[in-house]
Amino acid sequence: MRADALNGQLDVLILATLADEAGHGYVILQRLRQRSSGAFDLAEGTLYPALHRLERDGLLSSSWSVQSGRRRRVYEITRAGRAALSTRRQDWTQFATAVEAVLG
Amino acid sequence: MSWLDRLARELAARGLTGGDRRRIILELDDHIACEPGVEARLGDPVELAATFADELATSTARRSAYVVFAALVTAAVALIVPQLAPGTASNIFPGFTSGLSLWLFFPALLGMYVAPQVALVAGTLAAWRAVRHRRDLVRPAAELALVRRRAWIALGAGLATVAGIELYVLDFVAVLPAWWLVLTGGLGAVAACALLFAGKELASAGELRSGTTGPAGDVFDDLPIIHYSWLRRHPWALGALGSMLVGLAMTLFMAHAERSVTEGLQRGVFEALAAAVGFVLLGRKIGVPGSPRLAIQSGAGLARIPAERLAGDEDRSRVEQVLREGFGQGRLTLEQLTARLEVAHGARTIGELRQTLKGLPPDER
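Chains L and R, in that order, give the protein sequences. Each residue of the first sequence is one higher than the one before, starting from 1 at the first, in the numbering used here. Each residue of the second sequence is one higher than the one before, starting from 1 at the first, in the numbering used here.
Keep in mind the hints are simulated off the structure, nothing from the lab. One should not assume that every hint holds.
[What the hints assert, rightly or not] To be clear about the criterion: a stretch of chain R counts as covered by chain L if any three or more of its residues have a C-beta under 8 Å from a C-beta of chain L, and this derived list gives those stretches:
no. : region
1   : 13-27
2   : 32-39
3   : 53-67
[What the hints assert, rightly or not] Estimated spans, in silico, between C-beta atoms of each pair:
no. : chain 1 : residue 1 : chain 2 : residue 2 : range
4   : L       : 9         : R       : 44        : 15 to 23 Å
5   : L       : 96        : R       : 203       : 40 to 48 Å
6   : R       : 204       : L       : 43        : 26 to 34 Å
7   : R       : 352       : L       : 79        : 45 to 53 Å
For every residue, glycine included, the Cβ atom is placed at its ideal position computed from N, Cα and C.
So that you can see chain L by itself, here it is in the shape it has in the complex (with noise of 0.2 Å):
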């Protein structure tokens, strides 16, 4: 599937990523690319803005740790952002439903 088919929905996807567990870029790109088999191919660096900027609206929250001596960024999700993931769920499911009864 190529990036845009993503367009828009990166973000929803990051937030279902980090619902569970909170985690470091490269451990979220896994997580979708396992969840998604694969579908996804999207150019990797895209995931970073999209990280700041869902910490800039609050969704997200990150802090510095220190794991197997590098330092890197470890993003979880905040009150508001499990509230937007749900809302973004809903919708989603409405318009998949919708499009595959349409579609038969």
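Could you slot chain R onto chain L? The hints should help.
Positioned in the frame of chain L, the structure of chain R alone reads:
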């Protein structure tokens, strides 16, 4: 040069420095360390830096407009609350000769009566533009510059207001009750701190260079009610009408408050003149096209600049305004306007920009 070095250089070129840049570099350094050879999948560092800068520039410009507006609210409190405090209605205006010096009194008056209007107009326009596009990730650089310019003007006017308040306190320090002086001076000081903080935010927002081209938009875009009206084609009339309305409102208000028509008229005329002067001096800067400065500045400006000089966003938006005026006056067709705007937005040099003005009367460029 490694991928990371190129990213670092691009970020710096776009004004992303200090902590923000360090954090991005550290995160991507970590990303690369997790999987050697991943650089090929990271994407173009130039594009990535552009995305970071454009999004950050947009959100900080928006945020600083809000912060300035909030700071202006504290200044409004410092201006209004002391005048409403119980039992002060009659005795906080002791008459202008009873103060320490007229050199304090008149600047105080200017600060307390003229500056707040400028702050109100510019601050509201800045915040309003930010609110209108609050969901957009990226806005054109020219628009961000307009928002910041409005915010700077509002901030300056806010500081002038606070300065006026403090001068008033100083002027009547021997005449007015101590509690009133402390209250007013204190509120003014709080507002000054808020404004200075807002100034710091605004200054750091200005360092980012967003690369997105596009129109800055003007006050007609901000106020949909007047967008399609007759005023759009006669922008100067907006200033005149606005000034008259302000004057009329003040005349009625003061005539009622002071129970004297002459008193009301005096204040009203003063107010209208002040608004007109503000429009002439600051109109173009806050996005009122066709205000007198536009003709003067853009006219002399572009003609004198060498054709090969690189064009900036301000030049582009100035030309856009002239083109829109040309359309408004019926000189350009809609197709011509659209085509020329497209060229103007993509213009790299002043020469290319000047080309788009071909055929329009020389006094307007």
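Quiz prompt | Indices of hints not satisfied (ascending) | solution = Structure breaks no hint.
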